[in-house]
Amino acid sequence: IKNNSLKKVLLKAKNELEAREILVCTCMGIGYKQASLFLRNIYYSQNLAILDTHVLRYMDLMGLFENKCNKTITKNDYSLYEKQLMNYSNQINTTLSKLDVAIWVVMRVVRREFPWMS
Numbered sequence: 029i030k031n032n033s034l035k036k037v038l039l040k041a042k043n044e045l046e047a048r049e050i051l052v053c054t055c056m057g058i059g060y061k062q063a064s065l066f067l068r069n070i071y072y073s074q075n076l077a078i079l080d081t082h083v084l085r086y087m088d089l090m091g092l093f094e095n096k097c098n099k100t101i102t103k104n105d106y107s108l109y110e111k112q113l114m115n116y117s118n119q120i121n122t123t124l125s126k127l128d129v130a131i132w133v134v135m136r137v138v139r140r141e142f143p144w145m146s
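Throughout, this note's numbering is defined as the position within the sequence shown, counted from one, plus 28.
Hints listed in this document are in silico derivations from the structure and should not be mistaken for laboratory results.
Listed next, the in silico DSS-like pairs over lysine-lysine satisfying Cα-Cα at most 30 Å (straight line): (1) K103 <-> K36; (2) K61 <-> K99; (3) K99 <-> K111; (4) K103 <-> K42; (5) K126 <-> K36; (6) K42 <-> K111.
Label pairs and their in silico Cβ distance ranges: (7) N121 <-> S33: 32 to 38 Å; (8) Y116 <-> N43: 16 to 22 Å; (9) T102 <-> C55: 15 to 21 Å; (10) S33 <-> G59: 20 to 26 Å; (11) Q62 <-> V133: 16 to 22 Å; (12) L92 <-> R139: 14 to 20 Å; (13) T102 <-> M56: 14 to 20 Å; (14) G91 <-> N121: 15 to 21 Å; (15) N104 <-> R140: 30 to 36 Å.
Just so you know, even glycine gets a beta-carbon here, dropped at the ideal spot from N, CA and C.
Build out the structure end to end from the sequences listed, making use of the hints.
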């Protein structure tokens, strides 16, 4: 990010989706998952999905995918899966941030106790 601090760039973003897009486009090696994680961890956004293996497995086990989950996730896939997870979080009346932490805990237990499911 040339001639701007990260803080200035994020303050100029119209919303959390634009902030994430700025990070992905300007920070080499940062993808949607890492940009979403970063924005959550600095308390910039609580409503961006962090689509890691735990979350994707959970979504698959819960039947949350409208279509089969792709192994390689494109920008369009990420957006689609994020919307599907957002709909689910709205149904259970929580933020994506809280849901992400809950899924991480649940899937660690599932992996340990029921290895054939993970």
